[in-house]
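Chains P and E supply the protein sequences, listed in that same order. Residue 392 in this note's numbering sits at position 386 of the first sequence, with consecutive numbering throughout. Residue 279 in this note's numbering sits at position 273 of the second sequence, with consecutive numbering throughout.
Bear in mind the hints are in silico, worked out from the structure with no lab data behind them. Ideal placement from N, C-alpha and C gives every residue a C-beta, glycine not left out. Be careful, since some hints might not be right.
Straight-line C-alpha distance at most 20 Å; calculated EDC-like pairs for lysine to aspartate or glutamate [as the list claims (entries may be wrong)]:
{"id": "1", "chain 1": "P", "residue 1": "94", "chain 2": "E", "residue 2": "256"}
{"id": "2", "chain 1": "E", "residue 1": "94", "chain 2": "P", "residue 2": "93"}
{"id": "3", "chain 1": "E", "residue 1": "225", "chain 2": "E", "residue 2": "93"}
{"id": "4", "chain 1": "E", "residue 1": "302", "chain 2": "E", "residue 2": "222"}
{"id": "5", "chain 1": "P", "residue 1": "94", "chain 2": "E", "residue 2": "372"}
{"id": "6", "chain 1": "P", "residue 1": "225", "chain 2": "P", "residue 2": "93"}
{"id": "7", "chain 1": "P", "residue 1": "94", "chain 2": "E", "residue 2": "314"}
{"id": "8", "chain 1": "E", "residue 1": "225", "chain 2": "E", "residue 2": "426"}
{"id": "9", "chain 1": "P", "residue 1": "302", "chain 2": "P", "residue 2": "314"}
{"id": "10", "chain 1": "P", "residue 1": "247", "chain 2": "P", "residue 2": "232"}
{"id": "11", "chain 1": "E", "residue 1": "247", "chain 2": "E", "residue 2": "172"}
{"id": "12", "chain 1": "E", "residue 1": "94", "chain 2": "P", "residue 2": "232"}
{"id": "13", "chain 1": "P", "residue 1": "229", "chain 2": "P", "residue 2": "40"}
{"id": "14", "chain 1": "E", "residue 1": "225", "chain 2": "E", "residue 2": "276"}
{"id": "15", "chain 1": "P", "residue 1": "229", "chain 2": "P", "residue 2": "21"}
{"id": "16", "chain 1": "P", "residue 1": "94", "chain 2": "P", "residue 2": "314"}
{"id": "17", "chain 1": "E", "residue 1": "302", "chain 2": "E", "residue 2": "256"}
{"id": "18", "chain 1": "E", "residue 1": "94", "chain 2": "P", "residue 2": "40"}
{"id": "19", "chain 1": "P", "residue 1": "94", "chain 2": "E", "residue 2": "303"}
{"id": "20", "chain 1": "P", "residue 1": "229", "chain 2": "P", "residue 2": "373"}
{"id": "21", "chain 1": "E", "residue 1": "273", "chain 2": "E", "residue 2": "303"}
Far from chain E, some chain P residues (derived; all Cβ distances over 12 Å) [said to hold, decoys possible]:
{"id": "22", "residue": "35"}
{"id": "23", "residue": "79"}
{"id": "24", "residue": "80"}
{"id": "25", "residue": "89"}
{"id": "26", "residue": "111"}
{"id": "27", "residue": "132"}
{"id": "28", "residue": "174"}
{"id": "29", "residue": "187"}
{"id": "30", "residue": "200"}
{"id": "31", "residue": "312"}
{"id": "32", "residue": "329"}
{"id": "33", "residue": "343"}
{"id": "34", "residue": "355"}
{"id": "35", "residue": "359"}
{"id": "36", "residue": "427"}
2 protein chains.
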Amino acid sequence: MVPHLLTALKGPLLDLERRFLDATPQIERWLRLEWQEHTPPFYCSVDLRNAGFKLAPVDTNLFPGGFAHLSDSTLPLAVQAAMAAIEKYCPDARNLLLIPETRPRSPQYFANIQRLAAILRQTGLNVRFGSLDPAVVAPSRVALPDGSSLLIEPLRRQGRRVGLADFDPCSILLNNDLSAGLPPLLADLPEQVLLPPLHAGWAVRRKSQHFAAYKDVAKRFAKMLEIDPWLIDPFFSSCGKVDFNTREGEACLATNVDQVLRQMRSKYREYGIQTTPFVIVKADAGTYGMGILSVKDASELRTLTRRDRSQMAVVKEGMQVHEVMIQEGVPTVETVQDSVAEPVVYMIDRYVVGGFYRVHAERGRDENLNAPGMHFVPLPFATSCNLPDSNAEPDLAQNRFYAYGVVARLAMLAASIELERTDPDQSLYG
Amino acid sequence: MVPHLLTALKGPLLDLERRFLDATPQIERWLRLEWQEHTPPFYCSVDLRNAGFKLAPVDTNLFPGGFAHLSDSTLPLAVQAAMAAIEKYCPDARNLLLIPETRPRSPQYFANIQRLAAILRQTGLNVRFGSLDPAVVAPSRVALPDGSSLLIEPLRRQGRRVGLADFDPCSILLNNDLSAGLPPLLADLPEQVLLPPLHAGWAVRRKSQHFAAYKDVAKRFAKMLEIDPWLIDPFFSSCGKVDFNTREGEACLATNVDQVLRQMRSKYREYGIQTTPFVIVKADAGTYGMGILSVKDASELRTLTRRDRSQMAVVKEGMQVHEVMIQEGVPTVETVQDSVAEPVVYMIDRYVVGGFYRVHAERGRDENLNAPGMHFVPLPFATSCNLPDSNAEPDLAQNRFYAYGVVARLAMLAASIELERTDPDQSLYG
């Protein structure tokens with residue numbers, strides 16, 4: 007069950023991990039106090055990159071689509087965390103409406119929905135599935151990889167509530183990232199709990215806002231732990247008006263790429279890191295690993311092929327890219343079966359519930375792995391099944407993924423703060 | 007890792023388990039609503055007996071001493087549940103004082119304390135150990151089975167707070183069942199959180215009060231699920247003034263044994279059960295499996311040997327037994343490696359976090375297994391490590407221990423209600 011991992015940890019990261027383990031009570035208390043001030047999103051997944059010399063989040067997904075990739079052994083954790091979440095939002099809830107992606111890229115996606123529904127049913131909820139797709143006018147069955155099927159039903163708006171023909175939910179869980187825009191069907195639902203809120207969708211959300219919130223979180227956390235915040239935080243910058251097809255905004259992009267590379271070179275010198283720095287240029291609102299470019303020098307932007315440009319110009323649901331984020335590239339040292347890998351950590355409420363490795367056999371350590379051809383290897387976030395039942399080591403629960411769980415939770419905390427800052431109803435935060 | 011289990015399930019219990027699985031959302035919602043009304047004890051373990059035809063709790067321990075017997079793989083669950091508990095009682099807690107048993111019966115006991123401390127440290131607490139033993143006047147090291155050691159320190163009372171020489175805790179966790187009486191050191195601590203409260207100790211607690219509360223819980227649960235409450239609830243009765251040495255109260259005992267056996271015979275006839283009924287006679291305040299007798303006929307009480315009598319007369323800490331509970335005996339059909347076994351379920355806050363089998367090679371299906379010679383086999387409360395990572399079955403998290411987890415949580419709910427009823431400060435429940 008445990009993937010063969012070549013975690014070529016060396017230098018500062020090993021120090022960082024030890025620092026995390028030694029300071030566990032301090033870190034957990036710090037997080038506990040933060041969760042008194044901020045409400046975590048219902049669920050969240052975080053892509054991490056472990057460079058050996060630094061460990062940082064590179065993407066935070068508020069509509070995680072990989073529940074099917076979690077190890078079976080972590081399911082009780084997910085159920086327990088979901089119980090805590092449901093109790094907070096709607097303690098007497100009986101019915102939950104789950105809204106999946108409209109046109110998922112992979113048929114595997116519905117296995118994710120099935121797994122998620124199984125977790126939620128264990129918390130005491132009747133779960134049914136409603137589609138935002140106007141083409142779904144009657145209940146229809148979607149086939150699942152295991153041979154079973156899911157019944158997807160048309161959504162029905164009745165006054166101030168949304169539901170299905172004979173199903174009136176107290177809570178609605180979005181697993182649809184709203185890339186296509188805010189659906190009027192879901193606007194103004196004062197009597198129902200919508201999780202996460204509409205402004206968590208990509209129609210509103212911006213990666214640069216998330217990483218601005220993360221920068222603040224990382225800074226405070228690093229101060230508490232007395233470490234350099236850069237060890238957990240990638241540099242970034244953004245450009246607001248870019249058109250890859252007409253080459254508008256190219257100068258802004260080049261300036262920002264240069265700036266981030268300069269900042270990185272300075273840090274690389276400080277830590278004696280020999281690798282060539284690279285930056286990731288990506289759509290500020292976007293997902294599915296679309297619209298992502300790895301750049302080692304600003305000049306590369308001037309020589310993009312037409313194909314590169316058109317791939318950058320449009321993301322999911324045909325959305326045009328005009329806002330672009332430039333993020334410090336964090337190479338990954340992790341490999342699974344000789345392929346480059348990066349950990350993805352899953353959380354429900356404020357708890358780490360599992361994770362997996364995203365593995366890509368045809369990509370390099372300095373490339374985006376979220377691309378066709380990737381596969382997934384479940385991460386057992388617990389001690390190995392092969393270990394004997396040895397008597398109570400003090401650090402048994404502090405397994406080697408502890409550092410990943412800490413950094414992933416920092417990113418989730420940043421998402422909470424980001425959602426507070428971008429909430430259209432600012433009166434909530436007095 | 008998975009013990010070879012011969013769970014010879016047949017008849018009503020198989021029906022019961024299927025009923026539980028089918029009604030999972032209903033059961034979990036019912037429990038969720040109950041936990042809105044009642045606060046679970048910090049932790050709790052429940053001994054269950056699975057008779058094939060019924061599944062019932064036979065003992066509920068509010069000072070669980072077997073954390074070291076839990077499977078490693080369930081530790082993250084325990085940490086997550088402890089996080090939820092700590093957040094409820096003392097969200098800003100930094101220090102926790104753990105008070106272990108004074109003279110534990112087994113050296114293994116301190117491995118339990120070590121494991122418990124490891125779980126609590128992962129929630130962001132500094133954990134240290136204080137002894138109620140007046141003989142502990144200076145910090146002393148206790149050796150652990152794994153070769154390490156624990157530092158046990160003398161308790162220090164300062165005004166309205168208790169702590170250690172240089173350690174002022176916000177919360178105090180008792181793992182000492184207070185069989186020896188309520189220690190003045192722990193009385194009147196209005197500024198600190200004492201978990202569980204003093205009246206959970208055996209100096210005050212009575213099994214018959216617990217099972218009276220359980221009867222109410224089982225009745226309401228059975229009504230919701232439309233089952234016979236007897237399928238999850240053992241008959242019981244109690245005698246208040248018994249002296250095994252002077253044979254005082256023998257008539258009361260005999261009458262009550264007869265009555266419980268009569269009730270059982272009637273139910274056995276109703277369900278066509280062929281086994282001979284037996285009752286368990288045990289101290290109403292007591293633990294450690296001391297003072298326990300298995301009786302098939304009231305006449306056996308008149309022919310007890312002097313050795314039997316003196317074993318019944320005194321339990322832990324030399325406490326005299328005068329109050330006695332007579333409980334329907336529930337035979338166990340479970341065996342582990344050809345030895346008779348019973349499941350023990352561990353809970354923290356309102357969550358099942360793990361469990362193990364108590365196994366005894368020299369005892370029968372109708373005998374108490376909590377006796378010298380017993381051993382423990384961890385129960386993996388999750389799908390087996392040997393299973394392939396199959397894609398999302400809807401009932402993956404509903405493993406075969408689900409029914410055990412449900413009945414154990416009913417017993418924990420009964421403990422909450424019992425502690426409310428016996429709380430000396432009734433103004434809390436208005």
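Hint check:
1. P:94 to E:256: 53 Å, violated
2. E:94 to P:93: 13 Å, holds
3. E:225 to E:93: 32 Å, violated
4. E:302 to E:222: Roughly 27 Å separates the two Cα atoms, so the pair is violated.
5. P:94 to E:372: At roughly 44 Å apart (the allowed maximum being 20 Å), residue 372 (chain E) and residue 94 (chain P) break the hint.
6. P:225 to P:93: Roughly 32 Å separates the two Cα atoms, so the pair is violated.
7. P:94 to E:314: Not satisfied, since the Cα-Cα distance of roughly 53 Å exceeds 20 Å.
8. E:225 to E:426: 19 Å, holds
9. P:302 to P:314: 15 Å, holds
10. P:247 to P:232: 38 Å, violated
11. E:247 to E:172: It is violated: about 46 Å lies between the C-alpha atoms, which goes past 20 Å.
12. E:94 to P:232: 29 Å, violated
13. P:229 to P:40: Satisfied, since the Cα-Cα distance of roughly 15 Å is no more than 20 Å.
14. E:225 to E:276: Roughly 19 Å between the alpha carbons, so the hint for residue 225 (chain E) and residue 276 (chain E) holds.
15. P:229 to P:21: 16 Å, holds
16. P:94 to P:314: The hint is violated at about 46 Å.
17. E:302 to E:256: Roughly 16 Å between the alpha carbons, so the hint for residue 302 (chain E) and residue 256 (chain E) holds.
18. E:94 to P:40: With Cα atoms ~15 Å apart, residue 94 (chain E) and residue 40 (chain P) stay inside 20 Å; holds.
19. P:94 to E:303: 52 Å, violated
20. P:229 to P:373: 31 Å, violated
21. E:273 to E:303: 17 Å, holds
22. 35: 3 Å, violated
23. 79: 5 Å, violated
24. 80: Residue 80 (chain P) not clear of chain E: closest Cβ-Cβ about 8 Å, inside 12 Å.
25. 89: 7 Å, violated
26. 111: 17 Å, holds
27. 132: Nearest chain E Cβ is 5 Å from residue 132 (chain P), so the label is violated.
28. 174: Residue 174 (chain P) clear of chain E: closest Cβ-Cβ about 15 Å, beyond 12 Å.
29. 187: At roughly 30 Å from the nearest Cβ of chain E, residue 187 (chain P) sits farther out than 12 Å, so the non-interface label holds.
30. 200: With a cut-off of 12 Å, residue 200 (chain P) remains clear of chain E, as the shortest Cβ separation is near 20 Å.
31. 312: 40 Å, holds
32. 329: At roughly 36 Å from the nearest Cβ of chain E, residue 329 (chain P) sits farther out than 12 Å, so the non-interface label holds.
33. 343: 15 Å, holds
34. 355: Check fails; 9 Å does not lie beyond 12 Å.
35. 359: 8 Å, violated
36. 427: 24 Å, holds
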